[in-house]
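K.L.:
As a plain string of letters, each chain reads:
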Amino acid sequence: EAQVTQNPRYLITVTGKKLTVTCSQNMNHEYMSWYRQDPGLGLRQIYYSMNVEVTDKGDVPEGYKVSRKEKRNFPLILESPSPNQTSLYFCASRKTSGAEAFFGQGTRLTVV
Amino acid sequence: QKEVEQNSGPLSVPEGAIASLNCTYSDRVSQSFFWYRQYSGKSPELIMSIYSNGDKEDGRFTAQLNKASQYVSLLIRDSQPSDSATYLCAVKGTSGSARQLTFGSGTQLTVLP
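Those protein sequences? They're chains S and Y, same order as listed. For the record, in the first sequence the residue sitting at position 2 is 2 according to my numbering, with numbers rising by one throughout. For the record, in the second sequence the residue sitting at position 77 is 77 according to my numbering, with numbers rising by one throughout.
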């Protein structure tokens, strides 16, 4: 089954404690991206990757890091989380052209 | 900074009616336009894409694009309670960072039985 898998689905952490949200896709898609979704603000892109070892900032990259060492994986790293990073996070993937046709299930992060 | 604006709603329609969702965008070079449906607590799901002016129909859904007016809409005919969701408009440009998708904040639709 074609899918994008994020883990964990829910995470509560404390300010400053480094965390990683994993994302993996099994469709051999070149393009992957991370979004955060906040009430009234829609989906905002954090980082995206056009292919292995190629990443670029989206609209709200501050406080986040990513890496793309393998085509299937695109982890999101919060080195020192803060409460304003409490949000719902989505990973997505697609072929180079077209829309983000596949989203992960989402990760609800709470930073206290 | 590209902007995509949607009426946040909530929009309520009776079952069987036509629901009309609207979206405007600021970047004239935008080339690709998409509608996503997102049920509460779930991930967005692509339901329609449109690339050229005019109408595109898929079952009960019709997407309409007017590039001159920088306007894209989604019509849902014979609305069903299962259509109750948030609908996200997304816009993509042609090159460089414009290849990112920019999303509107979404319109919450409720179809009343």
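Quick caveat, the hints were computed from the structure, so don't treat them as lab data. Fair warning: there could be bad hints in the mix.
Simulated pairs of lysine-lysine, BS3-like, Cα-Cα distance not exceeding 27 Å [what the hints assert, rightly or not]:
#1 S/Lys95 / Y/Lys56
#2 Y/Lys56 / S/Lys18
#3 S/Lys71 / Y/Lys67
#4 S/Lys57 / Y/Lys56
#5 S/Lys95 / Y/Lys42
K.L.:
Each hint needs a verdict: does it hold in this structure or not?
P.N.:
Right, here's what the structure says about each hint:
1. A C-alpha spacing of about 22 Å is found between lysine 95 of chain S and lysine 56 of chain Y, which places the hinted pair at or below 27 Å, so the restraint holds.
2. Taking the CA atoms of lysine 56 of chain Y and lysine 18 of chain S, the gap is near 46 Å; set against the 27 Å cutoff, the hint is violated.
3. At roughly 35 Å between alpha-carbon atoms, lysine 71 of chain S and lysine 67 of chain Y are farther apart than 27 Å, so this suggested pair is violated.
4. At roughly 33 Å between alpha-carbon atoms, lysine 57 of chain S and lysine 56 of chain Y are farther apart than 27 Å, so this suggested pair is violated.
5. For the suggested pair lysine 95 of chain S and lysine 42 of chain Y, the alpha carbons sit about 22 Å apart, so the restraint of at most 27 Å is met.
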